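Asks: With the sequences and hints as input, model every part of the structure.
Chains A and E are the protein sequences, given in the same order. Residues in the first sequence are numbered consecutively from 1, following my numbering. Residues in the second sequence are numbered consecutively from 1001, following my numbering.
Hint data in this document are derived by calculation from the structure and do not stem from the laboratory. In this text the structure is predicted, and so the values were computed from the model without any measurement. A few of these clues could be false.
Unchecked claim - So, partial list: chain A residues that the calculated Cβ filter (under 10 Å) puts toward chain E:
hint, residue
1, Val52
2, Thr54
3, Ala61
4, Glu64
5, Leu68
6, Tyr69
7, Leu71
8, Ile75
9, Phe79
What the hints assert, rightly or not - Short derived list, chain A residues pointing at chain E, Cβ under 10 Å:
hint, residue
10, Ala20
11, Ile57
12, Met58
13, Ile62
14, Thr65
15, Val72
16, Ile78
Every residue gets a Cβ at the ideal spot worked out from N, C-alpha and C, and that includes glycine.
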Amino acid sequence: MVELAIGIILGCCALGAGMAMIAGIGPGIGEGNAVASACEAIGRQPESKGTVTTTMIMGCAIAETTGLYALVIAILLIFVAPRSLVGILMSYIAK
Amino acid sequence: MKEKSFKFRIIDALLIIGSVLPIAFAIVLRVLTNPEADGIVITGANIFFTVKMPIQDMPITESQVNSWCVIVSLFFICLYLTHGISEKGGLRRQMIAEWIVEKTDDLVKDNMGDFFKSFSPFIAGVLGLSAFSSLITLVGLYPPTSDLNVVAGWALLVFILITYYKLKGGVLGYLKSFTQPFAAFTPFNIISEFATPVSMSFRHYGNILSGSVIAALVAAGLTGVSNMILGRLPGLLGEFPLFRVGIPAVLSLYFDIFSGALQAFIFAMLTMLNISSAFPMDDWLKRMDKKRAKKEKQSNKKSA
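Replies: The following block contains the structure:
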């Protein structure tokens, strides 16, 4: 039974990590939009290239934050959560 | 140009040694203490030893040691760049030092305004420390910025600065700003206050960490591919991971160099924007005017 329980914990952690990374879609679309608009702006006003590029990189970095939250959660689920959850299970069984 | 004296050259050599030695020390420490592993393992920072503390034990990890090595190395680089500079100029390093100072001054003035002119050393420090901490992966060391604790410390510093400059507009005004636009928004405003350092630290750490994780996964995958294709060959030839030679370096070009430098720039940029937008200039000016008026009144009373 304990093996089954540990297997369920590990599997659910992996599934959760995979599902958390669905959040990568949002920043991808957002950054794509930002870069497309920046390209348009540079095409219209080539002399403002420096400012537009800096602003775009800043905006991309900020839009990326939500994706990185998902990444951090996925990394926690893969590397940190299984050990602590199995520890909780073991302490429960020991009682 | 004047010929460099013997003493000048000796000091130069000492400064260069001082900037290289910490990195070499960190490499030696890593080679000596890193446990040997089969294949590719993704781990956090090594813990060297733990110091007993009253509330909680303090582990001394690789990230702390490496970041101190970077700090010492940067200190000696700065000393080297400013050694022997004069008003006349002439040394090549003076050009580099002046270029760095001018660029950071311009950056700070453009983004923060004239009031925060004195912030440029701090911004340059954050930028240099962050960039060099990320670029340290190029010599095979554990980057301190891929440890959340290091970056969270920097973000905490920025948070303290933000709160300090918000309080400059008056404590009452600071407390009142939480109830904008109306009182029901108070919990959300408090959350958004704490979200700034959290998002800053997560952004920096997540970018660097994801780079190293992806690089490790790609290296593991390429080992598998070369095993699959060349595994039938006899002896050492079959074990040699041919595809791992060179291909991960292309990824490293993006994840280590570009991403590291970009994240350092973004961290410094967000620091500047957050601090300068937190400062309520109008309220501060009003308070200063009031104070001045009070002082004048008192001095008038005294003189009368």
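Asks: Sort out which numbered hints this structure fails and list those numbers smallest first.
Replies: Violated hints (numbers, rising): 1 and 10; every other hint is consistent with the structure.
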